[in-house]
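Assemble chains B and C onto chain A, guided by the hints.
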Amino acid sequence: MRARGLLALAVSAVLLIVPWLLPSFYVGIFAYAGIYALVAIGLVLLLQAGQISLGQGAFMGLGAYGSALVARAYGIDTFVTLVLSVSATALVAALIGFVTLRLRGHYLPLATLAYGIALVSVFTAWHDVTGGASGLDKIPPLALFGLALTDDRLYTQLIWTIVLLAVLGMSRLRGSRTGRAIATLESHDGMARSFGVDTTVLRIKVFVFSAVLAALAGGLYVHMLRFVSPSPFSLMTSFKLLIMAVVGGPLSAAGGVIGALTLESAQWALQDLLARWGASGNLEVIVFGVILVVMLLKWPQGLWPAIERFLPKPAGRSSGGEGLTRTVLQEDRQEALLRLRDIGIRFGGLQALDAVDMELRRGEFVGLIGPNGAGKTTLFSIISGLQRPTSGSVTLSGEPLPASHSIVRRGMARTFQHVQLVPELTVIENVALGAYWRTQAGFLRGLFALDNAENRRALASARLALERVGLGAEAGLATANLPLGKQRIVEIARALVADPQILLLDEPAAGLRFSEKLTLVRILRQLQAEHVTILLVEHDMELVMGCVERLVVLDRGRIIAEGAPQEVQANPAVIAAYLGGSRDKAA
Amino acid sequence: MIDTALFLLVDGLTNGLVYALLALSLVLVFTVTRVVNIAQGEYVMLGGLTLADLLQGRTPGTLYLLVGGLALCVVLDAGRWRRDWRRALLLVFGAVMAAAFAVAITRGALALQLPVIGMMLVALVLVAPLGMLIYRFTVHPIPNASTIVFVIISVGVSMSVQGIGLLIWGANPYPVDPIMPGGVMMGPVFIPYQSFAILITALLSMGGLYLFSEFTLVGKALQASAMNRRGAQFCGIPVNATGALAFLLAAAFSAISGMLLAPIITANYEMGFMVGLKGFVGGAMGGLIDYPLSLAGVMIVGALESTSAYVASAYRDVLVFSLLIPILLWRSARQSGEAR
Amino acid sequence: MRILSVVSVIAALSASAAAFAADKPELRIGSVVAMTGPASALGLPEKNAIELLQEQISADTSLPFTVKFITYDDGSDPTKAVNNVRKLITEDRAHIVICCTTTPTSMAILETVTQAKVPNISLALGQSVIEPAKDRVWIFKTPSTDQLQVTGLVADMVKRGIKKVAFLGLEDSFGEGGWIALQSVAKAKGVEIIASERFSRTDTNFTPQALKVRQAEPGAVYIHAIPPSSALVHQALKRVGYSGPIYHSGGSANNAFISIGKKDVEGALLGTTPVLVYTDLLGSNPLKPVITKFAALYEKRFNVPKVDIFPGQSWDAVNIALKAAAEAAKAGAKFDDLDASRAALRDKIEGIKEFVGVGGIFNYTPTDHLGLDDRSTFISVVKDGEFRLYDAK
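Chains as they are written, first to last, in the numbering used here: chain A, 1 to 587; chain B, 588 to 927; chain C, 928 to 1320.
One chain only, chain A, in its complex shape (with noise of 0.2 Å):
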C-alpha cells in the first residue's frame, strides 16, 4: 500500500483507540467533535461546489427531532427511527434544494439562512409537538435490536468510525467521475454542461448528501446527549461549522475533521487556560474570536493544505489499460451534419447576428474568420447550445439542439476561447471529464468505491489522448503548472476524449509559441485525417489558411464572405471588413 495510505490507515487507527485513552471528561469532548466533523465533511463537499450553507444546523436539527421524538413517542428502536429521519431529511432537503439551488451569487447562502432559521423557529414555536425552548428529556439511547448503547467510549468509538468512513468515502469520490464534475461546480459550469454534466441535478445531489450527513450527526447528537432542545441547532451553530470548514481547509474532507478537531480543542483549552487565571467566560469568546480571525489570516486556504504539504502525495487512480471503445468515423460530403437556419440573436438593442445561414458537412474543416466585435464567440455557443438565438434554429443531424448538457451525446465537443480547466484537478483528470457522458458511475458508486473497472477505463482514454496531443508526460501534474499553449492543447484532448463527431474550436491558437502552434496543426490534420468534422474559430491568418478547406467569413453578425480559402483572402468585401489590409499576422 501507498505512503499516504499507510498514514490514513495509521491515524485512524490512532483515533479510534483514543477514546479509551482518555479520561472520561475528555471523551464527551471528542465525541461531539467527531460529531460535529461529519457535519463540516458534508460542508465541505458543498463549499467545493461553490455552495455556501448557513442552514446546516437546521438538518441536524430535523435529524435529532425526526429521531428523538418518534423513539419517543412511539418506543421504536433507534436505530430505526434515526434511519427514518435522516432518510425524511433527504427528501425535505430534496425538496429545498430543487427550490433554492437556482439562486445564484450570495443569494444562495441567504436562503440557507431564511430556511435555517425557519426550521429553528418551528422547532421553538410547536411547543406541543417539540418541547419547545425547554426541549425534552427522556430521549431513548441509540439501541439496535434491544441492545442499548449507552457507554460513552463505545460511542464516541462508533461516532469516529463513521466519520472515518465518510472521509474514505469522500476521497473516492474525488477521483471519480462525480468527484470531477462536482470540481466543475464552482466556476466552469458552462463547460460542464457542454461535457454532459447536468450540473442542477448535480448540485442537489450534494446538497442532499451533505443534508443526510448532518441529520445523522444530529441523530448521533441527540441519542448520546438524551436530551433534545432548540439551541444546539441555532444560526449560531451553523456558522461554527462553516468556520471549521473553512479554517480546517474547504478542499478536503480531512480539512473538515481537523477544523472540527481544531476548534474544539481550542475551545476547551481556552476555557481551561482562563479559568486558571480565573478570567471570566466572556474574555474566552473574545480570545476564541481573536484567535479566529488571527488562524485565517495566516492560513486563508485553511490549516490542511498547510499540513498535506508534509505528508507524501497521494497516488491518483490507475489509469493502465485500454480505453473506452472509440466510434470509428466515416466521410460523407453529402449528409450535413451541422446546419443553421437564419440564426439571429437580439441583446436589448443590438442586434449581435442577423440572417446566418451555415452548413457543416461530414468530415469537413471549416473555418469562422472575422473581425474582432463580429459574433463569433456568440455564434459558437448558440452552436454549442450555451445560449439560444432569438430567431431561426440548429439542427444537428436531421434534429434540433437538445438541452445544453445534452448535446455531447449527439457527437459535439468543443473548447473555449478562455481556457475553462479545473484548477483543483490534475491534467488528466480534467481531460478525463470529456468522458463523461461516456461513463455512468453515479455518486453512490463513486462513494463506495464500485466503480474502478470504468474509472481506469476513463483515465486510460484520457491517458490516451493526451499522448496523442503530445502531452502524455504531463498527464499527473497540476494544472495551474501548465504554461497556456499546453493548457490549450489539454481542452483538445479533453475534447477528444468526449469521442466527437463534431470539434468546435474557439481560438485555440490565442497565446500559443510557433511549436506549439505547429503541435495544433499536426493534431488537427490529424484529426482531419480521421473524419472528424472540425469548426475553428481563429484570427492567426496562416494557421487558417494552411488547414481549412472552407471559410466563412462574418462582420457585423452577418456572413460576408463563403468558400476557398484563396477566394475569400481575395474579396474586397472581406479586405475591406479587416480594414484594408492583411491582417496575417496579427494575432
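In case anyone wonders, no lab produced these hints; they're calculated from the structure. For clarity, every value in this text was computed on a predicted model and none was experimentally measured. Using N, Cα and C, we set each Cβ at its ideal position, and we do this for glycine too. Possibly wrong hints are sitting among the right ones.
[What the hints assert, rightly or not] Going by beta-carbon spacing under 10 Å, a handful of chain B positions derived as facing chain C:
| id | residue |
| --- | --- |
| 1 | 594 |
| 2 | 601 |
| 3 | 760 |
| 4 | 762 |
| 5 | 775 |
| 6 | 862 |
| 7 | 865 |
| 8 | 894 |
| 9 | 901 |
| 10 | 904 |
| 11 | 922 |
Below, chains B and C without anything else, positioned relative to chain A:
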C-alpha cells in the same frame, strides 16, 4: 380589518427603516471591498452604548478600545517601515495625535455636558475609526482572499467585538435619551419623533450614497476597486485607502443607526446581531449592490415582520424567513436576466 | 472594572490559600452559569454573587473546611453545560454542582449528575427540573418556580373579578416557563386565557403583538419577560390603548424595568421574590435582615443601585451547600471520600428546614426539592418610580 392592516403596514414600514442604515453600510462595504461584513451590526451596538455612557457622564469604554487599536496599528505597521524611519515616525505621530484628539474630545464633551446631538457626534468620532482599524487588521493583509474567508473572518470579529461589549458594559440594558422625546399619533399608530429622525437620516444617507457612487469620481473609484482591484491600482486608485474609507463610512452609518435606535429599544451588548441580520436580508434583496433596492428591501422585511407578528407571533420568524425565499428567487431571476 | 475584579479574586484566593493550613479538609463547589449567550443577563449576576460569596468565605475562618470554587461558562448551550458539569465531576472532583441558569441546560445535565450521584442545585425556574420527585433525587433548586409566582398573581386577578387574561411572553425557555405556569394556574382558578403572543429579547418592535392583545379585550395582561423587552411591551400596550392591569413576572423585578419604562410602567404588578421589596417587609419578618445584609454587600461590591432576583438565587444555592457541608462535617463526613461525602451532602440538603435565604424560606423534603411556600412570594407594585410591596406581610 382595514384599519388593522393599515396600522400594520405603517408600523412595519417605520420599523423596517431601523435596519436601513445597516443595509446601506453593508452595501457600501460590499461594493467597495467585496467583503460581506457579518460584523457590521457590532458598530450599531458600539454606537448605542457609547452614546449611553456619554449621556450618563461616563467615559465610554470605546475610548480605550480606540486607543488600544491605534497602538496595535502602530506596532504592526511601524515594524514594516524600519528602514524608512521618517515614515514610521509620522505614523506614530499620527496615531498619538489621533488618540489625543479622541481623549480630548471625550473629556471636553463630558465636561461641557453636551446635548444629545453633540454627544452623538462625539460617539461617532470614537466609533467610526474602529471600522478603519478593523479593515487594517483583517482585510488589508489578505486582500485577495475568497469571499468565504472574509465571511468567516468577519464572524470572528463579530464574536470578539460582542464579547468586548459584554466585558465593558455587561449584559444590562442602558436607556438612552431620544433627540426629541414624545411622538405623534398618526391615526391609531403612535410614531415617536425618534422614528422621524431615523427616516430622515435613512433617506438622506441613501440618497447621498447613491448620488456619490453613481455621479462622483471618487464614488466611481470606490466601485472600481471592488470590481477589479488590479485594474484599479493600475489606474492609480489607492485601493487600500478606498477600502479603509468604505469601512470607516460604513461604521459611521451603523453607529448612527445604533444611536438612533437606542432610545427606542435601549442599548445593550446584543443589539447588533439581529439588526445586522435584518439589515443584511434587506440589503441582499438588492444584491448588496443597489442602494434604493436595499431601502425597499428593509421596508419589505419590516412589513413582513409586523404582519407575521400580528398574525401568529410564535411563528413569526418562520413566516418571515419562509416568505423571504420566493422574494429571493424573484430577485435572483431578475438579476441574472439583467446580467445577460 | 473587570480587571479589578479578576485581580481581587486572584488576591482573595491566594490570601485564603495562604491563610489556611493544609490540615483543613477542602470542599469543592463547582458552578456552571450562562456568562455568555442569550441567558447572560441572568447568568452574569449569578456569577457575581458566587464571586462575592467566595470573597466573603475566604475571609471567614470559622468554617471547619476550606472552600474551593470552580466556575465555568456554558454559553446558554446544553452541550457545553453537560461537558462542563462532567468536567466538574470527573476532573475537578467537585462535591456539589450548582448548575444551570436556564431550564433546558438544567434538564440536559440531569442524567449526568444522577448517574454520577452528585448533588446538584439548579438555578432554573422550570418546575420540570425537580419533578417528578422520584426521578430527581439528586436535584434541588433555589429559584421560586414560575408556578409559585403566577399563583399569587392569578389569585389577585380573581380577587379583582377578572375572568379573562392575555399572555405576552418571551419565546425562549424563560417565557415558555411562564406560559406553562399560567396555563395550569389559570385553569385551576377558573380564569380563561384569551390571547397568547410571543416576542423575542432582541426585537425592535412590539406593537403588532400588543395590538392583537388589546383587540382581544382581556381583563388583565400577564407579561413574562425581562427588561428591556418586558418594559417595552408594557409601553406598547399602553400606546395601543390598553388601560387595564398589567402583571409581570419576577424577571421584571429590577431597576432597568423602571428606568426603561419610566411613567408608562406605573402601576405594574410584579410577582417577585422578597429581594425586591425587602425594605417594605415588617421588621419581624426573618427575611428582612438576611436580605438587607446581602443587598448591601452586593450593591456596594458591584456598584449597582439595586440588586435584582438573579444573584440571590446563586447566593442561596451556595449558602445552602455550605450549610449542608457544615452539618455533614459535624456528622463526621470525610470530604476526601468523594462518593460518601457527595451522598452525605445530598442527604443534608434534603434535611434543611426553615433556612432563611434571600429568595425565601427553604424547607426541603424528599418530595419537595424546591422548599418554598407562599411566605416567599410577594406581589410588588411600581409606585412613583419605585418598587413597593403590594400586600403587607
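A quick look at each hint next to the structure:
1. 594: 7 Å, holds
2. 601: 8 Å, holds
3. 760: 4 Å, holds
4. 762: Because about 5 Å separates residue 762(B) from the closest Cβ in chain C, which is inside the 10 Å limit, the hint holds.
5. 775: At about 8 Å, which falls below the 10 Å cut-off, the nearest Cβ of chain C leaves the hint on residue 775(B) intact, so it holds.
6. 862: With a closest approach of 7 Å, the residue 862(B) hint holds.
7. 865: 8 Å, holds
8. 894: Given a least distance of 7 Å, the restraint on residue 894(B) holds.
9. 901: 5 Å, holds
10. 904: Constraint on residue 904(B) satisfied, holds at 8 Å.
11. 922: This interface hint is violated because 29 Å lies over the 10 Å limit.
The structure shown violates just one earlier hint, number 11.
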